[in-house]
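J.: From just these sequences and the hints, can you work out the full model?
These protein sequence lines are chains A and B, in that order. The opening residue of the first sequence carries number 1 in the working numbering; numbering runs sequentially from there. The opening residue of the second sequence carries number 1 in the working numbering; numbering runs sequentially from there.
One or more of the hints may lead you astray.
[What the hints assert, rightly or not] Pairwise CB distance ranges (calculated):
1) H218/A with A165/B: 50 to 60 Å
2) P20/B with V39/A: 43 to 53 Å
3) T329/A with N101/B: 39 to 49 Å
4) Q176/B with D14/A: 15 to 25 Å
[What the hints assert, rightly or not] Far from chain A, by Cβ distances over 10 Å, these chain B residues were calculated:
5) R49
6) E51
7) D86
8) I130
9) A165
10) Q177
[To be verified] A few chain B residues facing chain A, derived, Cβ under 8 Å:
11) H23
12) D24
13) F34
14) A105
15) M107
16) A112
17) F113
18) R114
19) L145
20) A150
21) L154
22) V157
23) R161
24) E164
Read the hints as simulated data drawn from the structure, not as lab findings. In this text, a Cβ means the ideal position worked out from N, Cα and C, and glycines have one as well.
If you want the building blocks of each chain, they are given just below.
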Amino acid sequence: MTLAVAPRARIRRDAHTQRPHLPWALDVAEGLSRGASTVDEAVARAELESRMGWLRDALQGSPYYVRVLREAGLHPGDLQRLEDLRHFPALDRATLARHWEDVPTLPDASDECVVVKSSGTTGDPVNVLRDRRDCLLMWAVLRFFTEHTGTVPPPRPRVVLLDVLPGGLEYSVRLPLFHDGALHRVSVLRDDAVARLLRVRASVVFSDPEGLRWLLEHPEVPAPRLLLTSAQHLPRALRDAWEHGRGVPVLNYYAATETGPLAWECREDANPGHFHVLTPDVWLEPDGDEVVVTRLRPSVLPLLRYRPGDTGAVRRDACACGFHGWTLTGFGGRGACAFRTPAGRSVDAWSLAWVFKHHPLRAFRLTQVSLEHFTLELSGAPPDSVRPLCERLTAALRNLGWSSPRVERVVEAREAEARPPNAKPLPFRSELPSSG
Amino acid sequence: MAISLAHLRDQLAASPIVSPYPHDLAVAIICDTFRQGSQKPPSQSEWDRIEKGVKNPLFREQVGMLAHVLVASELRKKTVLYLTADRTPMARLQQFFEEVNPLTAEMIRSNAFRQEEFLRKWASALGADIEGETERESKERLKALDYRQAVTDLRKVEEARKQEAERRTKMLQEAQQKDAEARGWRE
Chain A
1 MTLAVAPRAR
11 IRRDAHTQRP
21 HLPWALDVAE
31 GLSRGASTVD
41 EAVARAELES
51 RMGWLRDALQ
61 GSPYYVRVLR
71 EAGLHPGDLQ
81 RLEDLRHFPA
91 LDRATLARHW
101 EDVPTLPDAS
111 DECVVVKSSG
121 TTGDPVNVLR
131 DRRDCLLMWA
141 VLRFFTEHTG
151 TVPPPRPRVV
161 LLDVLPGGLE
171 YSVRLPLFHD
181 GALHRVSVLR
191 DDAVARLLRV
201 RASVVFSDPE
211 GLRWLLEHPE
221 VPAPRLLLTS
231 AQHLPRALRD
241 AWEHGRGVPV
251 LNYYAATETG
261 PLAWECREDA
271 NPGHFHVLTP
281 DVWLEPDGDE
291 VVVTRLRPSV
301 LPLLRYRPGD
311 TGAVRRDACA
321 CGFHGWTLTG
331 FGGRGACAFR
341 TPAGRSVDAW
351 SLAWVFKHHP
361 LRAFRLTQVS
371 LEHFTLELSG
381 APPDSVRPLC
391 ERLTAALRNL
401 GWSSPRVERV
411 VEAREAEARP
421 PNAKPLPFRS
431 ELPSSG
Chain B
1 MAISLAHLRD
11 QLAASPIVSP
21 YPHDLAVAII
31 CDTFRQGSQK
41 PPSQSEWDRI
51 EKGVKNPLFR
61 EQVGMLAHVL
71 VASELRKKTV
81 LYLTADRTPM
91 ARLQQFFEEV
101 NPLTAEMIRS
111 NAFRQEEFLR
121 KWASALGADI
131 EGETERESKE
141 RLKALDYRQA
151 VTDLRKVEEA
161 RKQEAERRTK
171 MLQEAQQKDA
181 EARGWRE
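T.: Here you go:
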């Protein structure tokens with residue numbers, strides 16, 4: 001097995017610097033709890049609008065927005081109510097990719113910012129500037145998710161990122177923001193994965209459907225108290241096997257690199273595909289058929305009417321699960337695709353997405369033509385990066401169960417098939433007949 | 001008697017402007033409005049004085065847009081009701097055109113906020129009440145909408161941001177320079 005296909009990772013080990021942000025994390029979690037239980041829509045809207053003061057200031061500090069608003073005869077002070085948003089220009093992924101340096105505000109001199117690259121699997125890759133709290137947000141949201149699902153973490157809980165990606169990256173760090181716990185990244189590709197999980201005894205596990213399936217096949221590993229995944233297509237049978245078979249709640253959330261977490265899928269059996277929005281941190285505009293996000297949580301990167309390229313409709317909802325707020329339905333744009341290994345195993349094609357993140361290109365499409373044969377269409381890739389990309393992809397396929405995969409470059413990217421306007425391209429495809 | 005902005009905007013949306021009003025026609029519409037309120041409108045020379053006084057290249061298109069909003073909505077009727085004798089038409093027009101200075105006809109036509117600002121500034125020049133608002137609320141809303149002030153503020157913020165970015169770049173360069181000097185040299 002070749003595990004050396006992952007690029008070098010830079011892991012922050014100064015986890016003690018998280019601690020000063022604990023009051024903020026508690027405040028975020030409490031705000032989300034309040035947002036999910038506010039029955040009165042007017043009160044919920046007032047809470048959202050009370051956060052617009054920050055957004056107005058941030059827009060003033062963003063060279064991109066200052067220019068765009070001036071060109072449109074607008075100014076940040078015009079933004080007083082949620083209804084005002086529709087008069088403001090939207091920001092799409094490609095524009096953010098082009099102007100990523102101009103959209104952020106000037107960070108505080110003491111703030112440590114990092115640039116994160118979104119995958120680029122569903123359009124232009126985007127450089128995203130994140131401040132420290134952007135980087136820590138998921139742990140604050142996890143506190144909300146545990147509370148929402150009635151999960152009680154033990155003292156010093158262990159959180160595991162169960163990794164099925166071909167890179168085999170592993171690390172361990174302290175996690176003060178989550179009840180003084182620790183975070184372990186464990187790769188299922190390593191021979192000692194089960195032994196490591198037995199040692200760690202995770203309370204919370206993050207993984208994709210492949211990882212959840214793998215974990216299900218290893219009953220000797222103690223079941224966690226909560227499972228989280230951000231897969232758009234979480235197979236129903238897999239969810240049921242965990243929820244009803246093992247009694248572990250599975251929380252499927254929707255997030256983007258640019259925005260952070262946006263919503264989570266309702267766990268009621270009757271409501272598959274209903275994603276409850278994480279207000280008041282974000283506002284997803286109702287009355288459309290496309291996801292349009294305005295982030296109301298302070299960040300170095302103000303996002304006003306950002307269009308991540310996903311489709312879906314948002315409406316006010318009083319859900320049977322007890323949630324009150326706005327719910328996203330008909331969510332789409334990231335087409336599910338399963339590749340089949342020669343042994344007949346089905347592999348989520350999206351587990352290869354990270355490979356493309358580390359190569360400069362505008363778009364790609366990987367198609368499984370036969371069991372061992374893949375075609376790769378690239379757009380905007382420099383000639384000297386094609387060979388390393390194909391090599392990395394081949395190694396990644398080997399790690400996932402293909403014995404002698406062949407990746408063939410197709411020179412010109414074909415036009416994407418018909419899809420709704422503004423929807424993302426579908427980068428993974430299989431031409432194999434469905435296995436039923 | 002108060003002016004309903006929502007109603008005015010519905011009326012304006014129903015009667016979009018199709019072409020710019022000739023200046024003389026626009027002036028005539030505004031003058032007629034004052035006459036309907038039994039007030040003597042500004043003379044031609046007084047209009048010239050207003051234009052010279054505001055020193056605004058957008059003056060004529062703003063006159064055209066004022067004429068349009070007067071005839072395409074009930075604003076003309078409301079205006080007549082508020083034309084009290086305590087202020088001259090000249091004073092009201094001078095105040096109005098000074099305050100709407102940076103607004104272009106296109107902004108007033110197509111931008112919801114700038115249209116609202118234009119209408120509110122005319123209401124302010126008349127001393128008219130806005131339906132559903134206290135006087136204080138109307139003043140606050142007008143202040144929040146004020147495009148001229150916002151552009152000035154944005155310029156200041158942008159300038160401050162540039163200076164801060166330059167300061168940080170300079171600090172970074174100095175730190176790099178010190179770092180390089182501390183390494184010594186090889187003969």
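J.: All hints, please: hold or fail.
T.: Results for each hint:
1. H218/A and A165/B have their C-beta atoms about 52 Å apart, which keeps the hinted 50 to 60 Å range intact.
2. Taken as a hint, the range 43 to 53 Å holds for the pair P20/B and V39/A, whose Cβ atoms sit roughly 51 Å apart.
3. In this structure the hint that T329/A and N101/B lie 39 to 49 Å apart at CB holds, the actual value being about 47 Å.
4. Roughly 23 Å separates the CB atoms of Q176/B and D14/A, a value that falls within the hinted 15 to 25 Å.
5. Distance to chain A confirms R49/B as a non-interface residue, since its nearest Cβ pair spans about 29 Å, more than 10 Å.
6. With a minimum CB-CB distance of about 23 Å to chain A, E51/B clears the 10 Å threshold, and the non-interface call stands.
7. A cut-off of 10 Å between C-beta atoms confirms that D86/B is not in contact with chain A; the least separation is 31 Å.
8. The Cβ of I130/B sits about 15 Å from the closest Cβ of chain A, beyond the 10 Å cut-off, so the non-interface label holds.
9. Look at A165/B: its CB is around 6 Å from the nearest CB on chain A, not clear of 10 Å, so calling it non-interface is violated.
10. Against chain A, the non-interface label of Q177/B holds: every CB pair exceeds 10 Å, the least being about 19 Å.
11. A distance limit of 8 Å between C-beta atoms decides the matter here; for H23/B the minimum to chain A is near 23 Å, and the interface restraint is violated.
12. Against a cut-off of 8 Å between C-beta atoms, the interface hint on D24/B is violated, since the closest Cβ of chain A lies about 27 Å away.
13. The closest approach between the C-beta of F34/B and any C-beta of chain A is roughly 29 Å, which is over the 8 Å cut-off, so the hint fails.
14. Evaluation of the A105/B hint against chain A yields a violated restraint, the C-beta minimum of about 11 Å exceeding 8 Å.
15. Taken as an interface hint, M107/B checks out: its beta carbon lies about 4 Å from the nearest beta carbon of chain A, inside 8 Å.
16. Interface restraint check: A112/B against chain A, minimum CB-CB distance 5 Å, threshold 8 Å, status holds.
17. The restraint placing F113/B at the interface with chain A holds, with a minimum CB-CB distance near 4 Å, inside the 8 Å limit.
18. Interface hint at R114/B: satisfied, since its Cβ lies 5 Å from the closest Cβ of chain A, which is below the 8 Å cut-off.
19. Residue-level restraint check for L145/B holds (minimum Cβ-Cβ distance to chain A is 7 Å; threshold 8 Å).
20. At its closest, the beta carbon of A150/B sits 4 Å from a beta carbon of chain A; the interface hint therefore holds under the 8 Å criterion.
21. Among the interface hints, the one on L154/B holds; its C-beta lies about 6 Å from the nearest C-beta in chain A, closer than the 8 Å criterion.
22. The interface hint given for V157/B is met, as the beta carbon of that residue sits about 5 Å from the closest beta carbon of chain A, less than 8 Å.
23. Here the hint on R161/B is kept, as its CB sits about 6 Å from the closest CB of chain A, short of 8 Å.
24. A least Cβ separation of about 6 Å between E164/B and chain A falls short of the 8 Å threshold, and the interface hint therefore holds.
Checked against the numbered hints above, the structure breaks hints 9, 11, 12, 13, 14 and satisfies the rest.
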